[in-house]
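Read top to bottom, the protein sequences are chains A and B.
The numbers in the numbering used here rise by one with no breaks, and the one at position 55 of the first sequence is 55.
The numbers in the numbering used here rise by one with no breaks, and the one at position 51 of the second sequence is 51.
Hints listed in this document are in silico derivations from the structure and should not be mistaken for laboratory results.
Treat the hints loosely; a few may be bogus.
Below, simulated DSS-like cross-link-like pairs (lysine-lysine); rule was C-alpha separation at most 30 Å, straight line [said to hold, decoys possible]:
#1 Lys22/B / Lys41/B
#2 Lys52/B / Lys67/B
#3 Lys44/B / Lys71/B
#4 Lys40/B / Lys22/A
#5 Lys9/B / Lys37/A
#6 Lys22/A / Lys36/B
#7 Lys71/A / Lys58/A
#8 Lys37/A / Lys41/B
#9 Lys9/B / Lys71/A
#10 Lys37/A / Lys40/B
#11 Lys71/B / Lys42/A
#12 Lys22/B / Lys42/A
#13 Lys44/B / Lys42/A
#14 Lys19/B / Lys71/B
#15 Lys37/A / Lys67/B
#16 Lys41/B / Lys42/A
#17 Lys71/B / Lys71/A
#18 Lys41/B / Lys9/B
#19 Lys40/B / Lys68/A
#20 Lys71/A / Lys57/A
#21 Lys71/A / Lys36/B
#22 Lys44/B / Lys22/A
#23 Lys42/A / Lys57/A
#24 Lys41/B / Lys52/B
#25 Lys58/A / Lys41/B
#26 Lys41/B / Lys67/B
#27 Lys67/B / Lys40/B
#28 Lys52/B / Lys22/B
#29 Lys22/B / Lys9/B
#30 Lys67/B / Lys36/B
#31 Lys68/A / Lys41/B
#32 Lys58/A / Lys42/A
#33 Lys37/A / Lys22/B
#34 Lys57/A / Lys37/A
#35 Lys19/B / Lys37/A
#36 Lys44/B / Lys67/B
#37 Lys19/B / Lys42/A
#38 Lys42/A / Lys67/B
#39 Lys37/A / Lys52/B
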Amino acid sequence: GENVEQHPSTLSVQEGDSAVIKCTYSDSASNYFPWYKQELGKGPQLIIDIRSNVGEKKDQRIAVTLNKTAKHFSLHITETQPEDSAVYFCAASIVGGGNQIYFGTGTSLTVIP
Amino acid sequence: DTAVSQTPKYLVTQMGNDKSIKCEQNLGHDTMYWYKQDSKKFLKIMFSYNNKELIINETVPNRFSPKSPDKAHLNLHINSLELGDSAVYFCASSQGRTSGPEETQYFGPGTRLLVL
Numbered sequence: 001g002e003n004v005e006q007h008p009s010t011l012s013v014q015e016g017d018s019a020v021i022k023c024t025y026s027d028s029a030s031n032y033f034p035w036y037k038q039e040l041g042k043g044p045q046l047i048i049d050i051r052s053n054v055g056e057k058k059d060q061r062i063a064v065t066l067n068k069t070a071k072h073f074s075l076h077i078t079e080t081q082p083e084d085s086a087v088y089f090c091a092a093s094i095v096g097g098g099n100q101i102y103f104g105t106g107t108s109l110t111v112i113p
Numbered sequence: 001d002t003a004v005s006q007t008p009k010y011l012v013t014q015m016g017n018d019k020s021i022k023c024e025q026n027l028g029h030d031t032m033y034w035y036k037q038d039s040k041k042f043l044k045i046m047f048s049y050n051n052k053e054l055i056i057n058e059t060v061p062n063r064f065s066p067k068s069p070d071k072a073h074l075n076l077h078i079n080s081l082e083l084g085d086s087a088v089y090f091c092a093s094s095q096g097r098t099s100g101p102e103e104t105q106y107f108g109p110g111t112r113l114l115v116l
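Using the sequences and the hints given, assemble the complete structure.
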């Protein structure tokens, strides 16, 4: 099955700086890559996703990049704010291959005011 | 109104007991899921139901049994609770009859289970 690795496990940045979280996946058939944000005491929420036919996608301060050849994808948060502090999960799945999403191990991001 | 709700929010119980966690979604979605999140925050899918039919059943002990009385509800019953069952359990739902993984999954607030 798919194996998703995520780094770093913890990340601290100063407010206003950028944060980058990196993930790799093992199954070359994976073609859908969502990112979820989990705030303390809450369930994960989808913040952005990317499909394998796209190399980059941006939504305001967050962007995702995908390198299919290298089987890795990254989340970039610019101009970080304290409310960006949360646990972020990358995930990979195969569209049309069932409903299963394979999650990474999570990155705990702390934005220091 | 809460889109995906779970009860109870906290559950503290003794080893060997049987307990249930309830999940309801008011989004009109066809697919519902149960995930387990351990102390290291690792999220692992346990079950997925599409329109009351089981479609994903990961390797979990058969002490865990999901029940879907209708497509808006997916309950999780756990028999003979063990210490290792302590975790946060999340219910989620997604739209669509085929509900491929590209369908956004909406998560509930979680049920924090502690087995003593």
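Against which earlier hints does the structure fall short, listed by number upward? Violated hints: 9 and 17; rest satisfied.
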